[in-house]
Amino acid sequence: MEIVNFAHGEFLMLAMYVAFFAWALGHLDPLLALPLAVLALAALGWATYHGLIRWVLGGPMLAQIFATFGLAVFLRAGAQFLWGVDFRVVQDPWLGGRVALGPVFVGLPQLAASVAALVAFLGLWRFLARSETGVALQATAQDRQAAALMGVDTDRMYALGWALGAGCVGAAGALLAMYFYVFPDVGGTFALLAYVTVALGGFGNVPATLAAGVVVGLVEVFAGLLLAPAIKYAVVFLLYLAIVLWRPQGLFGRW
Amino acid sequence: MKRTALLALLAAVLVFPAVFTLPFPRHVMIMIFLYGSLAVAWNILAGYCGQISLGHAVFFGIGAYTSTLLVARAGLTPWAGMAAGAALAVVFSQAVAFPVFRLRGHYFAIATIAVGEIVQTLVINWDWAGGARGVFVPIKRPDSLWNFQFHESKALYYYVALGLLLLGLAVTRWLERSRHGYYFRAVREDQQAAASLGVNVAREKHRAIAVSAGLTALGGTFYAQYIFFIDPESVLSLSLSILICLVAVLGGVGTLWGPVVGAAVLVPLSEYTRVWLGGTGRALDVVIYGALIMVIAVLQPAGLVGLAARLGRGRRG
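Sequence order for the protein chains is A and B.
Per my numbering, the very first residue in the first sequence carries number 1; after that it's consecutive.
Per my numbering, the very first residue in the second sequence carries number 1; after that it's consecutive.
Relax, there's no trap hidden among the hints.
If you want the footprint, here are the derived chain A segments under chain B, 3+ residues with CB under 8 Å:
| id | segment |
| --- | --- |
| 1 | 45 to 56 |
| 2 | 61 to 67 |
| 3 | 71 to 79 |
| 4 | 184 to 198 |
| 5 | 231 to 245 |
In silico DMTMM-like pairs for lysine to aspartate or glutamate, Cα to Cα no more than 20 Å straight-line:
| id | chain 1 | residue 1 | chain 2 | residue 2 |
| --- | --- | --- | --- | --- |
| 6 | A | K232 | A | D185 |
| 7 | A | K232 | A | E220 |
| 8 | A | K232 | B | D127 |
| 9 | B | K140 | B | E152 |
| 10 | B | K2 | B | E176 |
| 11 | A | K232 | B | E233 |
Everything labelled a hint here was simulated from the structure, so no lab data went into it.
Glycine included, C-beta positions come from ideal geometry on N, C-alpha and C.
Build the full structure now, drawing on both the sequences and the hints.
As structure tokens, this is what we get:
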């Protein structure tokens, strides 16, 4: 959509808080809270588009960057204001412990999150490639005016794009809450990794993003193993810069 | 008329420390000058050349760390450190420019964040430079200009900070009228059109980031000598990068006075909200900040200077 949501990490943080409070107040396991988080975040994405993004779409790029940046600062500080800076943990989620896959032990929540991510990826891919709405969404992303001339309601498509993106983050947040701490700044690193992953694969390309995600994950793990865990993200970002020097459009991007 | 107003403003700023002798008003003014000069430096790259960097804290941190390490580990005067820091920032900016300038728009912004994260992570893990604990500037008494330490009065800090701001403004003013200033703006408006008219886009971008980085690093050294303590969180973090842009955006990007106006509004606002609201640990001041950024982005992307210009036109027309 040619707009980067700099509040992506804060959306993730909110989704994790949804899952946490569903557990703390409603005794719902994060797995059950998942649909709730998806719906809540999709609504937030939709509202963000209508309340904020729509008004800067035609404006200068600076306004677009700072609109979502401001939202990020606002949400992060707002979470700190409402819920404090304490680290919170969902205790004893249904999925816990580990399973043995041959000689390898994998944490059950992590495994579930990976499977869910793959399912979400397949669903999104099929939706974008096969359904009429998905194609209209892609058309809007490629050329707003041309899409509008073809009778696509681009305003609705943008809103849908934001709701979809945020909804996926909702699912990710609920799954992540099973095995990661919840605190106001949790989104930062994840969001930056997400941007770098998407940029590495090539913008607007779902399978390429998955491939880039695998690359980033492997680099992160091996950098942590072979060099030092503390600098693994620096290695990932360095790799990104190196690849950008060679292919600014990303590994599989086309422009 | 305009010249008279400017001279009057300059005179008022020069006599300010003689009238206000308490530390706090002077501190607020020093912060206005410091953030004003940082935003002026950022504005050269982002406002005139159109490359929105969200990693300027790196250059600030290079300035702060270079001078502090030279003072603490080699016993040099901070002024030498200031020159070395600026030089190092320029060199670093040229190296970083190769990958990041291959990207445009939002993707450029993301790449600059990545650069900032890399540098912050490396410094946090660099024990000789203090690691995550940071470094103290060794205190030397009595006050001396040579050691760039003034414990008795903030007046000299005030004039040094003012000097930094005036230097940034002078460079910007010179750029506005020079050939390169026109090239920068051509690159900002349309890279392809600029290239087709014979502007060497890559070289102009490298120039813009060099000037911007050097000026930002000077501010970093000043900060270190003013606060006497630096750590990765305070001089290399993303939030500092954002703050620098925010000052310029609030005032008006791509204008000479915009960053100064932004600093004059935002710094007192943040200093006073910090004093009134900051102690709760609840970050209410930052909530207000975030809301303010969104409101500016939506309602007045040209900043306060743009708003004033529009009001002025409205009255005349």
